[in-house]
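Colleague: Here are the chains, one letter per residue:
Number of protein chains: 2
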Amino acid sequence: MSLLDRIREINRHDPDAFTPFVVDGRRLGAVRNDRVDPLLSATDAIVRCGDGGLAFAADTAGGGPQTAAARNDAIAGAAAHLSEAGLIARLRGELYPAARRFGETPAFVVDRAAVPFLGLRAWGVHLNGYVRRNGALHMWIGRRAKDKPTYPGRLDNMVAGGQPVGLGLMENLVKECAEEADIPEALARRARPVGAITYVQQAPEGLKPDVQFCFDLELPPGFVPRNTDGEIESFALWPIERVAETVSETREFKDNCNLVIVDFLIRHGLLPPDDPDYVALVRGLHP
Amino acid sequence: MSLLDRIREINRHDPDAFTPFVVDGRRLGAVRNDRVDPLLSATDAIVRCGDGGLAFAADTAGGGPQTAAARNDAIAGAAAHLSEAGLIARLRGELYPAARRFGETPAFVVDRAAVPFLGLRAWGVHLNGYVRRNGALHMWIGRRAKDKPTYPGRLDNMVAGGQPVGLGLMENLVKECAEEADIPEALARRARPVGAITYVQQAPEGLKPDVQFCFDLELPPGFVPRNTDGEIESFALWPIERVAETVSETREFKDNCNLVIVDFLIRHGLLPPDDPDYVALVRGLHP
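From first to last, the protein sequence lines stand for chains E and U. Just so you know, my numbering puts 154 at position 154 of the first sequence, and the rest follows in order with no gaps. Just so you know, my numbering puts 202 at position 202 of the second sequence, and the rest follows in order with no gaps.
Here chain E stands alone, though its shape is the one from the complex:
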């Protein structure tokens, strides 16, 4: 096993298993082929086009552009039906933007739980919380609660969260820092944006062509995180070598956290550039 295996695993997906969802003339999402009929049964607002792709019915009717509000209502109705039918998880009451690029005006907004079903891009924030002890780097690692609906019991970055509409990235990070690790706002605001990782993951929920913004925060040696929202069972401070080995040799970390950590290892000079995989790792973090 190797660090590169983690990158390959998360990006393993079958493009032919998904039907494009085309909005405003471009592919915005993709629905797993075997879930297209249930989607079309759940709403009249989405139809199959001549080329086999999916589109808003109103867009194909030639009646001029739909309002975002009408799309939001149509998608909310479909999501509610699909959730009742058990095809998407319990709705979260948190709205995500349907967009290709971060910050652009969304084509519509949709409950977070429906995002992978529709194969929409999601954005999130991940924090590398680290400590220097006698010159040696250590990283705070979280263990996800056993009752989390996704990745229960797996290892996680110190703080991470999805990015809802209407919140800045730093504001979201500060909020998650408080909820997940009891990091005071003044300390959380010292976090430094250091890049982003991207991947296209075929998950049980659907397709996830996601972007995670990465932040580094060097914590005072005396700081001890404490979870306040029940999502993290426990925290541990690991020497960075143990973190690297766990990423390389196991699948204990939640899939996308592996990439955030590989990015950290590269930026902090902890991987030798002569490693035959080095350039593939750098490039593999943002395919």
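Source of the hints: derived by calculation from the structure; they are not laboratory data. Each hint should be verified, as a subset may be incorrect.
Facing chain U, a subset of chain E residues (Cβ under 7 Å, in silico) [unchecked claim]:
(1) G103
(2) L169
(3) R192
(4) V211
(5) F213
(6) I266
(7) P273
(8) D274
(9) R283
(10) H286
Just so you know, these numbers come straight off a predicted model, no measurement behind them. Using N, Cα and C, we set each Cβ at its ideal position, and we do this for glycine too.
With chain E's structure known, arrange chain U on it following the hints.
Modeller: What follows is chain U alone, placed relative to chain E:
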């Protein structure tokens, strides 16, 4: 103009203008279409294959694999002819590996001057030399000598150099640090590998599908670089904001240095992740 413009400019190339050079069953390089005939005139060792690509004549003759030494001789002969004909620059006497991946056994070695003519990948090292003054980041910038054959008078990273065969990356960086900026070895060895940038550049010399390994070195505030090999005319210490603005608003920097600096700005938290170009910048550094 924008940072993203610099990334787009260096990657602007026309794949149809180049003829693949296929070695050991894979595309190793590419020669500009209008230079194929001069290449075939300069050597009998390279021929056009049935599919229009270029290959070693001995490989197409079915006589079994050629030795690397035979390939090296054939390529050296061709390079000498092409240099005499003025189609490639003066030979440098420095051998580069013909390979796709850093560190793999090269298919052959070739004079550095012939690498872009053959469209082979080259590797190099670039150093971000920076200083903290009252908490503000400053970066050492070089001005290339006016008699440099490539990019005369343009701005450059503090230290940079191509990667010849038979030298480790750190050893090459230490050597270049001494030659280009008079950085003592003990100080140079504190440089931290922080990633790599990649691009495919259509240059006057040919195609450059290159990889530059990036290093950060925080210098003592009192250190002043001094060029010893005549390649850099002068050094200046600039506030990082001026560096960023020069990259964004001008083409003063040597093309690939712009990417090394964008990578530095991202890793050091100097670009806000909400910037609409942020993810495109991160991904654009390693296409």
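Colleague: Now, for every hint given, state plainly whether the structure supports it.
Modeller: Going down the list of hints, with the structure as the test:
no. : hint : result
1   : G103 : holds (5 Å)
2   : L169 : holds (5 Å)
3   : R192 : holds (4 Å)
4   : V211 : holds (6 Å)
5   : F213 : holds (5 Å)
6   : I266 : holds (5 Å)
7   : P273 : holds (4 Å)
8   : D274 : holds (6 Å)
9   : R283 : holds (4 Å)
10  : H286 : holds (4 Å)
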